[in-house]
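S.K.: Chain by chain, the residues:
Protein chains: 2
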Amino acid sequence: MNTRNSIGVDIGGTNLRAALVTSDGQILKKEKISSSGDVLSKLIDTIEILYSSDVTGIGLAIPGIVDRKKGVMSVSPNIPSIAGVKIASILEERFKIPIEFGNDASCAALGEGVCGAGAGLDTFVMLTLGTGIGGGVVYNGLLLETATELGHITIERQGVKCSCGNYGCLEAYAGAGSIINRAIKQGISRHRDISTITPEDIYRYAKDGDSVSIEILKDAGRYLGIGMANLINIFSPEAVIIGGGIAGAWDIMVKEAINEASKRSFKELFEGIIIVPAALGDDAGLIGASHLVKGKK
Amino acid sequence: MNTRNSIGVDIGGTNLRAALVTSDGQILKKEKISSSGDVLSKLIDTIEILYSSDVTGIGLAIPGIVDRKKGVMSVSPNIPSIAGVKIASILEERFKIPIEFGNDASCAALGEGVCGAGAGLDTFVMLTLGTGIGGGVVYNGLLLETATELGHITIERQGVKCSCGNYGCLEAYAGAGSIINRAIKQGISRHRDISTITPEDIYRYAKDGDSVSIEILKDAGRYLGIGMANLINIFSPEAVIIGGGIAGAWDIMVKEAINEASKRSFKELFEGIIIVPAALGDDAGLIGASHLVKGKK
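First to last, the protein sequences are chains W and P. Per our numbering, numbering of the first sequence is gapless, rising by one per residue and ending at 297. Per our numbering, numbering of the second sequence is gapless, rising by one per residue and ending at 297.
Check before you lean on any hint, since a few could be wrong.
For the chain W half of the interface with chain P, some residues (derived, Cβ under 10 angstroms), not all of them [said to hold, decoys possible]:
| # | residue |
| --- | --- |
| 1 | 40 |
| 2 | 69 |
| 3 | 73 |
| 4 | 74 |
| 5 | 123 |
| 6 | 140 |
| 7 | 144 |
| 8 | 155 |
| 9 | 156 |
| 10 | 173 |
| 11 | 226 |
| 12 | 235 |
| 13 | 236 |
| 14 | 267 |
| 15 | 269 |
Simulated DEER-style distance windows between Cβ atoms [stated by the list, open to error]:
| # | chain 1 | residue 1 | chain 2 | residue 2 | range |
| --- | --- | --- | --- | --- | --- |
| 16 | P | 274 | W | 255 | 40 to 46 angstroms |
| 17 | W | 29 | P | 274 | 45 to 51 angstroms |
| 18 | P | 272 | W | 26 | 48 to 54 angstroms |
| 19 | P | 26 | W | 140 | 28 to 34 angstroms |
To be clear, the hints were calculated from the coordinates, so they are not data collected in a lab. Please read these numbers as outputs of a predicted model, since none were measured by experiment. Cβ coordinates follow ideal geometry from the N, Cα and C atoms, glycine included.
This is chain W alone, in the form it adopts within the complex (with noise of 0.2 angstroms):
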């Protein structure tokens, strides 16, 4: 037989999504269920649905620490009863295949690279804007095994204090979460009860053209340009990819964080760059997560 195809899940969500992929990155079947609960049953049910004798492997997207040698460092507190060296022996128990795993945001990289983005790149940085900020390394057609924790970069020396306890981190700033403090604390008139208020609803006000609005955003994108400018002088990617919720701000805050960025890195690394969305959505993690056991793209 000549297929490969792997599955992988996304165990980080509110759903527990899964899918089986082939080696070139296309989903062939894809599975959803609510991870509340007995979150380890329903893990190994969803294998159990993708589940054939051609599958030769599982990689698990997790929203925490991960370090491929050193193994999973940490875990997102809001999966705490499933810690990965268990998941990995119990299913590897269960379905005699290697087992992975990847920081969801680094999966979300190499999905990009397997058939987004950053197809056809061999080296490019993807960050993921959500309520934090993830980041993935795909250097020569691999992925970068290690934390990349890349939200987590101070750029403000006496900053803000981030979630991670450390202050003036990228994700302080250029977070959603931050976005969100921001317009609380500064308020914006067109929005009546402030603590209600979303990103989407943010970007709305700022496209309408509420001055507050579209400030946040603009700080915001200054903020993500100095940490896209920090990248590009050490990874000297051919590319930034930048996945999440908003980025679909891109022309308010992604064209601020361009112009940082060209202000900041390297004229002869930022010549030649292409800053670019992601192009997978959601399925990127899960497509990246089953790439984990083959470890490339």
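Model the placement of chain P on the given structure of chain W, informed by the hints.
M.R.: Coordinates of chain P only, in the frame set by chain W:
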């Protein structure tokens, strides 16, 4: 024949230095020539002295941006006469063996990995603290062949201007140049003509208990620690290796850096890491350069 010697050249300093190096990093012969005048013919003469038919390649460490895929992207202004591509083609023509380039700080990292402080480690970050701050990363036993301009990570959004044109770079706070600038600005009473002060003077005064000198070094150390924390969160290395002149001020500056990094990096990633001085001094760059052709430790 089983010998696999190669030649490493460091063309960045006031002297052109070259060495014949074995595959396990042993230096068999070393040459040093002033790099004033016709650098290219001096370079060829030096290599001629070390060359024999069992030499498998020549690696050149240069102070500039090298992307191994994209080539030499910039060379420090002090050696404008020998652009990367030109040297490579001339040497290849002459010696008929592979020629490779590496940034000097990356070569130092690779050299430390071959037989220095990084020997036996898979993944580590090295920072070279000189007038500027250079960096190199060894990842899974191989040199990370990207720009790794680790001194040019913005750690203070609206910080002081850096030699690279950006504001708030690590180098602008923790490089020897910035340490001297601070000493000149603040004055150190026991040094009469402050304009002549060197980093070594500042360490000596600090060790003698001079409070201004101590605070200058500690403050530089705190910035260095921010840079270290950023790199730990990105690369989850087994070690951070500190080399270069300023590393001599270990007990004051680097100690403070380690303390700062411990507070700012992810606990899971900081635990178990070792932060150690480089072991090979100036030889690291030569050994690393000689190993560029092999591309690995």
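S.K.: Does each hint fit the structure? Answer for all of them.
M.R.: Each hint tested on the structure:
A least Cβ separation of about 23 angstroms between residue 40 of chain W and chain P goes past the 10 angstroms threshold, and the interface hint is therefore violated. A hinted interface residue such as residue 69 of chain W counts as satisfied when its beta carbon comes closer than 10 angstroms to some beta carbon of chain P; here the least separation is about 7 angstroms, so the hint holds. Among the interface hints, the one on residue 73 of chain W holds; its C-beta lies about 4 angstroms from the nearest C-beta in chain P, closer than the 10 angstroms criterion. With a cut of 10 angstroms, the hint placing residue 74 of chain W at the interface with chain P holds, because the nearest CB-to-CB distance is about 5 angstroms.
A least Cβ separation of about 7 angstroms between residue 123 of chain W and chain P falls short of the 10 angstroms threshold, and the interface hint therefore holds. The criterion of a C-beta within 10 angstroms of any C-beta in chain P is met by residue 140 of chain W, whose closest approach is roughly 8 angstroms, and the hint holds. Here the hint on residue 144 of chain W is kept, as its CB sits about 7 angstroms from the closest CB of chain P, short of 10 angstroms. Interface hint status for residue 155 of chain W: upheld, as the beta-carbon distance to the closest one in chain P is roughly 6 angstroms, under 10 angstroms.
With a least beta-carbon distance of about 5 angstroms to chain P, the hint placing residue 156 of chain W at the interface is held under the 10 angstroms criterion. The interface hint given for residue 173 of chain W holds, since its Cβ lies 9 angstroms from the closest Cβ of chain P, which is under the 10 angstroms cut-off. A least Cβ separation of about 5 angstroms between residue 226 of chain W and chain P falls short of the 10 angstroms threshold, and the interface hint therefore holds. Using the Cβ-Cβ criterion of 10 angstroms, the hint placing residue 235 of chain W at the interface with chain P is satisfied: the shortest such distance is roughly 5 angstroms.
For residue 236 of chain W, the shortest C-beta to C-beta distance to chain P is roughly 4 angstroms, which falls under 10 angstroms, so the interface hint holds. For residue 267 of chain W, the interface hint holds, since its Cβ comes within 10 angstroms of a Cβ in chain P; the closest pair sits about 8 angstroms apart. Taken as an interface hint, residue 269 of chain W checks out: its beta carbon lies about 6 angstroms from the nearest beta carbon of chain P, inside 10 angstroms. Roughly 43 angstroms separates the CB atoms of residue 274 of chain P and residue 255 of chain W, a value that falls within the hinted 40 to 46 angstroms.
For the pair residue 29 of chain W and residue 274 of chain P, the beta carbons lie near 46 angstroms from each other, so the given range of 45 to 51 angstroms is met. For residue 272 of chain P paired with residue 26 of chain W, a C-beta distance near 40 angstroms fails the hint of 48 to 54 angstroms. About 29 angstroms separates the C-beta atoms of residue 26 of chain P and residue 140 of chain W, a value consistent with the hinted range of 28 to 34 angstroms.
Hint violations for this structure: numbers 1 and 18, all remaining hints satisfied.
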